[in-house]
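Colleague: This is what each chain is made of:
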Amino acid sequence: GAVVSQHPSWVICKSGTSVKIECRSLDFQATTMFWYRQFPKQSLMLMATSNEGSKATYEQGVEKDKFLINHASLTLSTLTVTSAHPEDSSFYICRPTGTSGYEQYFGPGTRLTVT
Amino acid sequence: GENVGLHLPTLSVQEGDNSIINCAYSNSASDYFIWYKQESGKGPQFIIDIRSNMDKRQGQRVTVLLNKTVKHLSLQIAATQPGDSAVYFCAENIAKRDDKIIFGKGTRLHILP
Numbered sequence: 822g823a824v825v826s827q828h829p830s831w832v833i834c835k836s837g838t839s840v841k842i843e844c845r846s847l848d849f850q851a852t853t854m855f856w857y858r859q860f861p862k863q864s865l866m867l868m869a870t871s872n873e874g875s876k877a878t879y880e881q882g883v884e885k886d887k888f889l890i891n892h893a894s895l896t897l898s899t900l901t902v903t904s905a906h907p908e909d910s911s912f913y914i915c916r917p918t919g920t921s922g923y924e925q926y927f928g929p930g931t932r933l934t935v936t
Numbered sequence: 054g055e056n057v058g059l060h061l062p063t064l065s066v067q068e069g070d071n072s073i074i075n076c077a078y079s080n081s082a083s084d085y086f087i088w089y090k091q092e093s094g095k096g097p098q099f100i101i102d103i104r105s106n107m108d109k110r111q112g113q114r115v116t117v118l119l120n121k122t123v124k125h126l127s128l129q130i131a132a133t134q135p136g137d138s139a140v141y142f143c144a145e146n147i148a149k150r151d152d153k154i155i156f157g158k159g160t161r162l163h164i165l166p
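Protein chains in written order, with the working numbering: chain A, 822 to 936; chain B, 54 to 166.
Chain A extracted, bound-state conformation (with noise of 0.2 Å):
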């Protein structure tokens, strides 16, 4: 199967800081990038779609402008959580899909602890 890695896959912050969470698809260029969170035992929940070089679409709900999303090259997506507060814990989750067929896979995660 595809290779996706995601770093960090834990992190814990500060409520008010910062988190850079970083996908990459390490065998195949990602031109879609999903990204998903999930809160404990609950399903995941579709954030937001970037497509490579463009602004990311973003999911009914989701706020944009704490969710910053960056699809700038076809290996490498971040997510950024700015001005973190504790609800905003939860483990995030990318998918990047191509024309590989590799559509189904997803990244480990990035569990995110907002203190």
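One or more of the hints may lead you astray.
[As the list claims (entries may be wrong)] Heads up, simulated DSS-like pairs for lysine-lysine below, C-alpha to C-alpha not over 30 Å straight-line: (1) A:K835 to A:K876; (2) B:K153 to A:K841; (3) B:K158 to A:K887; (4) A:K876 to B:K153; (5) A:K835 to B:K95; (6) A:K841 to A:K887; (7) B:K158 to A:K841; (8) A:K862 to B:K153; (9) B:K124 to A:K862; (10) B:K95 to A:K862; (11) B:K95 to A:K887; (12) A:K885 to B:K158; (13) A:K841 to B:K95; (14) B:K121 to A:K862; (15) B:K121 to B:K109; (16) B:K109 to B:K124; (17) A:K862 to B:K158; (18) A:K887 to B:K153; (19) B:K95 to A:K885; (20) B:K153 to A:K885; (21) A:K876 to B:K95.
Calculated from the structure, these hints are not laboratory results. None of the values given here were measured: they were computed from a predicted structure.
Given chain A's structure and the hints, the job is docking chain B onto it.
Modeller: Here is chain B on its own, set in the frame of chain A:
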């Protein structure tokens, strides 16, 4: 709207028995369905998929059945093993529209020794 739901939040199965996990979807436009397995603290792991022009697909120890008439999807796991313990999600996609994958609520599969 798009909604993929699951009938049972928790399923307990004896080791060695077969498991059947069910899923209902509401969007008749969905034409691609995927089952994922998620272990604690990890990202979803692809298990098997099926397109709407099929009603059954088999993999290694797993079978997915699709009933478009009643908008129902199921995952059958044969000879359940302790390593099958996880949360299972069905997900749907409208392939002709975009690559968005929308997840259902999930079923926790618990294997009894």
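Colleague: Please list, smallest to largest, the hint numbers that this structure does not respect.
Modeller: none
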